Amino acid sequence: MAETSLQSQTQKQSGAANKFWRSIKESLGAWAYIAPAGLLMMFITFFPQVFQAWMAFTDYRITNLRFNIFNPETWEAFAPEMVGFENFIRVITSSLAIENYDFVRLLTFNIVWTISNVFFHVVLGVIIALALNAKTLYGRRIYRAIFVLPWAIPGLIIAFTWANMFDRRFGAINQLLGLVNEWFGWAINTDIRWLESAQPPIGGILSFLPLSFYAVLIANIWLGWPFMTVIATGALQSIPTELYEAAKIDGASGWQQLWKITVPLIRPAMIPAIMVGTIWTFNNFNVIYFITRGGPFGRTELLVTQAFKLVYEQRLYGVAAAFSIVVFIVLMILTLIQNQVTHATEAYYD
Amino acid sequence: MKTDAQMDYQAEHNRMIRRARLKKISSAIFTLLGYAVIIIIFITPFLYVIGNSVRNSQQIWANAYPISWRSFIPYEGLTLENYSQSLGIGDVAKGMSFDISRNLGISLLSSVAVVCLSLIFNTSAAYFFGRLRFPGKNYILIFVVATMMIPQQVVLVPLYIVADQIGLINSFWAMVVPWYASPFIVFLLTQFMADLPLEFDEAAIIDGANLWQILWRVVIPNTIPGLITVSLMEFQFIWNEFYWPLIAISDSKLFPVQVAVASQFTESGPNWGIVFAAMALASAPVILLFLFLQRYFYESVAMSGIKG
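Same order as they appear, the protein sequences are chains A and B. 8 is the number of the first residue of the first sequence in this note's numbering; add one for each residue after it. 36 is the number of the first residue of the second sequence in this note's numbering; add one for each residue after it.
Hints in this document: simulated from the structure, not taken from any laboratory. Note that the coordinates shown come from a computational prediction; the quantities given were computed from them, not determined experimentally. Be a bit skeptical, because a hint or two may be false.
[What the hints assert, rightly or not] In silico lysine to aspartate or glutamate, EDC-like type, Cα no more than 20 Å apart, as pairs: (1) Lys58(B) - Glu88(A); (2) Lys59(B) - Glu252(A); (3) Lys316(A) - Asp199(B).
Construct the complete structure from the given sequences, taking the supplied hints into account.
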């Protein structure tokens, strides 16, 4: 009895295997469609990551650039030395021989930067979307066209324009403050060194943030809210007006309508936008690199700009690889936390 | 002959209509004011760039300090000289490093090349994932989606080394080859194709079409909006890309336009008029594309919500 069932099982297995091979044979034609893109992705996306993992454990430097995996003759002479976890330890304990490098400060700053930016983007974006969400959107085409600008204009150019505006003597911001002084007879300081001052404007717990943090925050809020407004406007227009009418009949105030109808109904559209926005802001290279250059004294450095400097200025490829892996792990944890929070709040609303 | 009550009623009615109309007008004014404020705050920095790109350096300095509406809106002595110098037309520009016409050409060529190659390779890969039957296909798709999550900046070091070893560094192809097959674009196109009913394919098979014919006659004609959307995203990505060419290209003759503009900020102080003109030129193509293809652009914004 047991034997026969075993037999039938093996028969079934070989049958399944046959079927598998037959379906492979039948789908050979399909391979032709994936192969070109697949090969390149293996080479450009997958292989560099494996290579990076290996590099992170070596002391890869500028002299090792002559090392070529595809040419065995270079293996002996130029192969970097294995150093185990040393790179990771040096990255995390901040024992790199680089000016102003402090991993904990970098990470803290990056997180504070991300949270404060995304918060203002969402709040401002939704408020503006609500304010502009009239039944008949006057000049809707113009308004939509204008909101396209932050995506369309290269980040580099936007950043340069803002760096220019924060200039101490000739920048528009200090000069505008001067005009305000003139009009209202106030006495605001018009000689603010927006990007250079190392003096924190707010003491106490926020004293690790120099004035330039607030300057780039303003620039990046300006840059980031239209994305949230576009998403929120789309979501707002799909809310049926009957809901508000019913709420009005039930005597709900405007504030109650906002929190009981508007917010829950635009949430599904906003959550993915917030997640994308978080990743973008976390890795926002252009704004920091071109406005503050990480200064003063590296206090506005992000993980990404630091990674760039490790490669481009210090040329410590092994350390940079380890640093990148650490950044990747941080990003993964961030995404996981975000997913958890999203699921938790979803459950709360359901 | 109306009674007093009727008269009262009529008056009350008129008053209500008037009040409603007033409310409507005031809310319209409020909305318009809101727009105006937002547009002014939003567009001023761009006006500054455009306004200064049609003035000579002397005029820029004269108007920039002290600040007034004149700093933003040019009103006299307009000149297109900055643009012609920027594009290398005329004698003055010769021999100076202001000429970005070559860089514009390189940016345009590399963006168009990536878009075309991507249309061929990513479309066929998406066709594989979205329409064809293959055992274990979903596992491969999960792998593709996983690679999509890794931020570009994090893999630049090994990408540089790999590109160096196959001889791409400091060549035009460094800006094309790494980007033509993008997991993100494959994923988006797969979504677009999955929306198409499978019955279309079955009907084509009954009519005796092979896979290639189905792709060309059935799938592609029905996913044209999706293809335009991803092409737009890809063009913008390559055109505005700064980080990778900065690392990969060191020969100034091969700089794409973004890197060329950045390199005009020299130690000795940039020639502002020309820099502003170069900035306007470097932004113009994508802005124009976006304005003409706005509908697809908004689709791409909605789509980018999937990435994350």
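Inset, instruction - Compare the structure with the hints numbered earlier in the document and write down the numbers of the violated ones, lowest to highest. - result: Of the numbered hints, just 1 does not hold.
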